[in-house]
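A.B. asks: First to last, the protein sequences are chains A and B. Here the first sequence is numbered in our numbering, starting from 4 and rising by one per residue. Here the second sequence is numbered in our numbering, starting from 6 and rising by one per residue.
These are calculated hints, taken from the structure and not from any lab test. Mixed in with the good hints, there may be bad ones.
[Stated by the list, open to error] Which residues of chain B face chain A? A few of them, derived with a C-beta cut under 7 Å, are:
1) Arg46
2) Phe53
3) Ala62
For each residue, glycine too, the CB sits at the ideal point set by N, CA and C.
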Amino acid sequence: MNLKTRWGPLQAAEGAILTFVDGLPGLAHKRWLSHPVRAVEYLIAVDDPELVLATVDPRRLDPNYAPALEPSALATLGANADTPLDWRVIVRVAEAQVYANFFAPLLIHRALLRVAQMPLVGSRYGFNDPCAPP
Amino acid sequence: MLSLARRPGQKIRIGENIVLVVREIRGRQVKIGIEAPEQVRVLREEIFEEIAANNLAATQSEALPDWLEHL
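Start from the sequences and build out the full structure, keeping to the hints where you can.
C.D. replies: Dropping the structure here:
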């Protein structure tokens, strides 16, 4: 699959396309190409490659990040307690400041190519936590 | 939008598997119980809206600094 992204054409393997099983709040697009560049995993909307989200492993920003995984999260992804899952947080930059959404991380089931955004309701994590180089 | 009048203790069923129960009405606040399959996400609307706004804002991000790629 060829995608015309903001960085130019990108050849996408089918195995690199993740599906948001519950959709992604605010964005109608369900299928996103995973495009890792070192520590950043960019997600590019397959149906609109101008839409890009940057994500990182939250523990690289906050080694103490410990979201509670609810059974419903596993059920949503078709996973069980033994399934390896990856956490990612969406990051953005505004006025040169990096912010991470630790409140609503992404949980990825690589084997099934499924992903869901998991709001940590009742947690101490924020939507727009400023981040600095470790 | 469908509007249904219910009293405390009465229920509304949505599809096969989702049931809403009016648990309590106190002044201007209604307490609603929700029975839904585990994989159905239930969120307060204002939280959903805030997540949506943040996701949209993230698509408008400025370029990432180099240090993020080298974490």
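A.B. asks: Each hint: holds or not?
C.D. replies: Here is how each hint holds up against the structure:
1. Arg46: This hint holds: B:Arg46 lies near chain A, its Cβ roughly 6 Å from the closest one there, short of 7 Å.
2. Phe53: holds, 6 Å
3. Ala62: Where the cut-off is 7 Å and the nearest Cβ of chain A is about 6 Å from B:Ala62, the hint holds.
In this structure, none of the earlier numbered hints is contradicted; all agree with it.
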